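Visitor: Position chain F relative to chain R; hints supplied.
Residue strings, one per chain:
Number of protein chains: 2
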Amino acid sequence: MKKANKKLNAAIIIIGNEILSGRTQDVNVVNISTWLNNLGIKLEEVRVIPDIESTIVNTVNTVRKKFNYIFTTGGIGPTHDDITSKSIAKAFKIKYCYHPEAYKILKNYYEKGKFNVGRRKMAKTPKNATLIYNPSSAAPGFYVKNVYCLPGVPSILKSMLGGLNNKIIGGNKILSKTLSLRTVESEISIPLEKVQNKYKNLEIGSYPFFQQGKIGVSLVMRSDNLKLIEKCLCDIMKFIKKKKIKVIVRK
Amino acid sequence: MKKANKKLNAAIIIIGNEILSGRTQDVNVVNISTWLNNLGIKLEEVRVIPDIESTIVNTVNTVRKKFNYIFTTGGIGPTHDDITSKSIAKAFKIKYCYHPEAYKILKNYYEKGKFNVGRRKMAKTPKNATLIYNPSSAAPGFYVKNVYCLPGVPSILKSMLGGLNNKIIGGNKILSKTLSLRTVESEISIPLEKVQNKYKNLEIGSYPFFQQGKIGVSLVMRSDNLKLIEKCLCDIMKFIKKKKIKVIVRK
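Protein chains in written order, with my numbering: chain R, 31 to 281; chain F, 31 to 281.
This is chain R alone, in the form it adopts within the complex (with noise of 0.2 Å):
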């Protein structure tokens, strides 16, 4: 992987009416910037939006001046309600039609004669985008600039990501480390911010949580500085220790 001299942000686009209806749970989320963390991309903003060309359009031309990466996911495939490549295409001004090589891939992967007009559709990207392969069911995503097309279908998105990892110019790891805790939030928060005041280029979150009928706060901390993550753990320690919370291993 090529490493940029700065930080890197990305976006994602949901474009999906089965999210926003509450039919369907998104799962990308979690599995594109768990992958991003990998990466050194730090995700900054994720929206979901409907399947409406105008919408994709305007929503797609505002966040890609915003953030180095965007990624969307869904309406890539062969019914009515996928517009996106279409979309894309209008967003950047650029024709939308066959691409050559996709259409090569889906020809050879169907058998002779069912190769038919839906599946024809997923052979149209905007023109010259670069394909995304897809080892899992052929039809492939594609990216223009910034602008990375990911299909819906969780499993099939979590398996065209590695063909990524060479072609994304990332940073350095964001790492994080988790502190849990035998205590409630309110117990801690003074001596907490102070510590938060103290390390700017780390962040700290509190998350309080419930576990077999018991109550608990995960701190976690997160930066690309392993040295800095530690100088901090150290810090937030000390009055762990004073006021004599627990520490939990949690599973």
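Keep in mind the hints are simulated off the structure, nothing from the lab. Take the hints with a grain of salt, since some may be wrong.
If chains are identical, the list can't say which one is meant, so a pair holds when it fits in one copy or spans any two.
[Stated by the list, open to error] Straight-line C-alpha distance at most 20 Å; calculated EDC-like pairs for lysine to aspartate or glutamate: (1) K230 x E83; (2) K207 x E223; (3) K154 x E223; (4) K268 x E233; (5) K228 x D254; (6) K268 x E223; (7) K257 x E233; (8) K96 x E75.
No experiment lies behind these values; they were computed from the predicted model shown.
Guide: Chain F alone, transformed into the frame defined by chain R:
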């Protein structure tokens, strides 16, 4: 529930680094969206944003003008990363201060001497905000105009929605029917598009699935008009029968 004469829509703003980092799987969108379907309010956008004041202020001020209802989740606890209430006050240019009723609720909830600084923070809201009561853990949410602020912990959030049923003006319940078929999308995409073009006031979604090693497609029809859904279903069944496609009863 009071009913409006026009179609009503909503957006959700998820405030939380833990969702963006991939640490936590959001489930609040599904819960809020399902609840909104029953109220006849259509969820039309979701944004996930980090715990950064300027981002919260800008996002709230952009989104609240575009949709009838805005629901925020997360960031109303006692720690340094809980900045939703303060940010909402800033977005509306309202003073951020102790809410007398919230203060009273929390003071009564905690034992004497246990209502510390962290806990008192949870009694602060934008001035004159209306409270959203919390039957699970006392700390209330609140709303200012069309912006409803809820906690991030799913079980607590869910328990607070019921109290809003009589406060929110809704519309006709949004209904949906699902037809699952033993086929692939590309087999039905052409006749399905024709049916969609016939029913402009109804949404048809097409979703491939894998179940026990077999593939299939679920067609979801969505509208607030049951008769329209039934008519549409009849039209779909016509080409399904003609193509001898098997209908699946899904569990």
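Visitor: Compare the structure with each hint and give your call.
Guide: To see whether the hints hold, each was checked on the structure:
1. K230 x E83: between (41 Å within a copy, 15 Å between copies)
2. K207 x E223: within (17 Å within a copy, 49 Å between copies)
3. K154 x E223: between (52 Å within a copy, 17 Å between copies)
4. K268 x E233: Cα proximity of K268 and E233: one copy only (18 Å, versus 57 Å across).
5. K228 x D254: within (17 Å within a copy, 54 Å between copies)
6. K268 x E223: within (14 Å within a copy, 64 Å between copies)
7. K257 x E233: Classified as within; 14 Å inside a copy, 53 Å across copies.
8. K96 x E75: Both: 10 Å inside a chain and 19 Å across chains, each within 20 Å.
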